[in-house]
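Now for the letters of each chain:
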Amino acid sequence: MASLDDLKKRIASVKSTQKITKAMKMVAAAKLRKAQESAEKGRPYSEKMNNVILNLSTGISDKENAPKLLSGTGNEKVHLCVVMTSDRGLCGGFNSNIIKKAKSFFSKILDQGKELKIITVGSKGNDQLKRAYGDRIIENISFKESKNANYFDADKVGKKVIEKFEAGEFDVCTIFYNRFKNVITQIPQAQQIIPLNNDAEENTSDESYEFEPDEDEILTNLLPKNISTQIFKAMLENSASEQGSRMSAMDNATRNAGEMVDKLTIEYNRSRQAAITKELIEIISGAESL
Amino acid sequence: MSDEFKVEIVNPEKSFLSKEDATEVVVPAFEGEMGILKDHISIISFLKPGIITIQSKSGEEKFFAEDGIVEFKDNNLSILTSSIFNLKDADKNRIHELIKIAEEKTNNTEINDQMKYLIDQKIDVLKSIN
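In order, the protein sequence lines correspond to chains A and B. According to my numbering, the stretch in the first sequence is residues 1 to 290, in order. According to my numbering, the stretch in the second sequence is residues 1 to 130, in order.
Keep in mind that the hints were calculated from the coordinates and are not lab data. We put the beta carbon where it would ideally sit given N, CA and C, even for glycine. Each hint should be verified, as a subset may be incorrect.
Dumping the calculated DSSO-like pairs for lysine-lysine here, alpha-carbon to alpha-carbon at most 30 Å [what the hints assert, rightly or not]:
no. : chain 1 : residue 1 : chain 2 : residue 2
1   : B       : Lys105    : A       : Lys225
2   : A       : Lys31     : B       : Lys100
3   : A       : Lys9      : A       : Lys263
4   : A       : Lys25     : A       : Lys48
5   : B       : Lys105    : A       : Lys147
6   : B       : Lys62     : A       : Lys41
7   : B       : Lys38     : A       : Lys34
8   : A       : Lys225    : B       : Lys127
9   : A       : Lys225    : B       : Lys73
10  : B       : Lys116    : A       : Lys164
11  : A       : Lys225    : B       : Lys116
12  : A       : Lys34     : A       : Lys156
13  : A       : Lys225    : A       : Lys34
14  : B       : Lys100    : A       : Lys147
15  : A       : Lys41     : B       : Lys19
16  : A       : Lys34     : B       : Lys14
17  : B       : Lys73     : A       : Lys164
18  : B       : Lys38     : A       : Lys41
19  : A       : Lys225    : B       : Lys57
20  : A       : Lys34     : A       : Lys8
21  : A       : Lys159    : B       : Lys116
22  : A       : Lys181    : B       : Lys14
23  : B       : Lys88     : A       : Lys41
24  : B       : Lys116    : A       : Lys68
25  : B       : Lys38     : B       : Lys92
26  : B       : Lys127    : B       : Lys57
27  : A       : Lys15     : A       : Lys263
28  : A       : Lys101    : A       : Lys114
29  : A       : Lys41     : A       : Lys225
30  : B       : Lys105    : B       : Lys57
31  : A       : Lys147    : B       : Lys92
Over the 10 Å line for every Cβ pair with chain B, so calculated as not near, a few chain A residues [said to hold, decoys possible]:
no. : residue
32  : Lys48
33  : Leu56
34  : Gly89
35  : Glu169
36  : Val183
37  : Thr185
Here are some of the chain B residues that sit facing chain A, going by a computed Cβ distance under 8 Å [claimed, not checked]:
no. : residue
38  : Pro12
39  : Asp39
40  : Phe46
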């Protein structure tokens with residue numbers, strides 16, 4: 001059994017850990033509010049963008065010659081997966097959930113005999129995927145310097161993806177991120193961005209648009225922008241999810257530390273009392289024997 | 001009252017502006033300036049660098065946008081743009097800076113004609129508001 005001194009030291013150390021997790025929870029909660037706000041503010045843009053493209057793609061006259069970003073290259077041999085994770089740890093299952101989702105997708109693709117290329121965004125995902133899929137990671141992008149998700153960063157990723165697509169390096173592109181549902185629930189998502197998935201609800205309005213310049217030109221301009229927008233949306237959702245996940249993880253940690261302190265304190269009191277009783281018995285039995 | 005329609009300007013970070021009582025909006029569309037009134041036909045177009053003017057019951061507002069998409073449908077005008085600011089809030093130094101960056105770009109010989117045209121346009125507009 002641990003001595004009284006040891007117990008005392010442990011209680012002190014658990015208490016200070018609890019202080020740290022508590023502080024981290026507070027910070028995460030404050031950041032969460034901001035991240036959530038910007039995720040919600042960012043939604044109209046990507047939704048509008050999606051709508052416009054949906055309207056355009058249903059209205060397009062010449063499906064054969066549609067831009068490749070919309071209709072795909074015609075085959076599905078090479079898959080590019082953009083796995084978006086955080087740069088910091090201590091956020092519960094946030095990163096592992098994305099990785100798990102991505103890994104099951106990877107093995108499905110590899111089973112089908114297709115080629116796989118990976119871009120990781122955020123260093124945590126890179127760390128976890130390096131071991132199993134190291135030779136397939138073609139790039140690792142990390143935005144450690146930028147505090148908040150911003151459009152500029154997303155645009156950088158988007159441009160890189162498009163560049164690679166135009167160079168014919170892949171046929172299908174999928175992004176992985178956590179969709180923020182609420183503080184305790186984040187849903188890992190796989191979203192195909194190239195070619196654009198049009199299985200979404202059929203466009204109900206059959207209203208025809210007037211285009212200026214013509215459809216093709218608008219689409220070729222719009223599609224690259226849409227990719228950046230979708231990536232930006234994923235980044236916003238991700239950063240809100242990260243903070244939410246960290247907050248609940250730290251909340252749990254704080255609670256666990258509290259329970260541990262209680263348990264240790266009881267143990268400490270017990271053994272202190274035991275020592276006193278033992279001393280008393282020794283004194284009494286010493287006195288009796290006289 | 002019947003000649004009002006809704007305008008919404010969104011940028012990637014947030015909804016920049018939303019107005020219910022616009023009467024006329026002039027946007028710098030790709031193929032020339034375009035005035036939009038109520039019950040305009042549904043249209044999708046691009047923006048080139050220029051001034052967006054919004055006339056509403058509460059007065060006139062002007063914005064500078066570098067690029068973007070306009071969509072008008074069912075008397076809803078949506079403008080999606082990644083770079084926009086209100087001319088009222090623009091400060092001279094920033095405009096000067098933008099002009100300088102743009103001028104440097106035109107001196108770059110590698111850009112194509114279309115880019116050059118767009119940048120020249122941008123410089124002209126920026127100089128005119130300065």
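Comparing the hints with the structure gives:
no., hint, in the structure
1, B:Lys105 <-> A:Lys225, "21 Å, holds"
2, A:Lys31 <-> B:Lys100, "36 Å, violated"
3, A:Lys9 <-> A:Lys263, "14 Å, holds"
4, A:Lys25 <-> A:Lys48, "35 Å, violated"
5, B:Lys105 <-> A:Lys147, "29 Å, holds"
6, B:Lys62 <-> A:Lys41, "23 Å, holds"
7, B:Lys38 <-> A:Lys34, "37 Å, violated"
8, A:Lys225 <-> B:Lys127, "28 Å, holds"
9, A:Lys225 <-> B:Lys73, "21 Å, holds"
10, B:Lys116 <-> A:Lys164, "25 Å, holds"
11, A:Lys225 <-> B:Lys116, "20 Å, holds"
12, A:Lys34 <-> A:Lys156, "23 Å, holds"
13, A:Lys225 <-> A:Lys34, "25 Å, holds"
14, B:Lys100 <-> A:Lys147, "28 Å, holds"
15, A:Lys41 <-> B:Lys19, "17 Å, holds"
16, A:Lys34 <-> B:Lys14, "12 Å, holds"
17, B:Lys73 <-> A:Lys164, "35 Å, violated"
18, B:Lys38 <-> A:Lys41, "27 Å, holds"
19, A:Lys225 <-> B:Lys57, "34 Å, violated"
20, A:Lys34 <-> A:Lys8, "40 Å, violated"
21, A:Lys159 <-> B:Lys116, "20 Å, holds"
22, A:Lys181 <-> B:Lys14, "19 Å, holds"
23, B:Lys88 <-> A:Lys41, "23 Å, holds"
24, B:Lys116 <-> A:Lys68, "26 Å, holds"
25, B:Lys38 <-> B:Lys92, "35 Å, violated"
26, B:Lys127 <-> B:Lys57, "29 Å, holds"
27, A:Lys15 <-> A:Lys263, "12 Å, holds"
28, A:Lys101 <-> A:Lys114, "18 Å, holds"
29, A:Lys41 <-> A:Lys225, "18 Å, holds"
30, B:Lys105 <-> B:Lys57, "40 Å, violated"
31, A:Lys147 <-> B:Lys92, "28 Å, holds"
32, Lys48, "5 Å, violated"
33, Leu56, "7 Å, violated"
34, Gly89, "27 Å, holds"
35, Glu169, "23 Å, holds"
36, Val183, "22 Å, holds"
37, Thr185, "24 Å, holds"
38, Pro12, "4 Å, holds"
39, Asp39, "13 Å, violated"
40, Phe46, "6 Å, holds"
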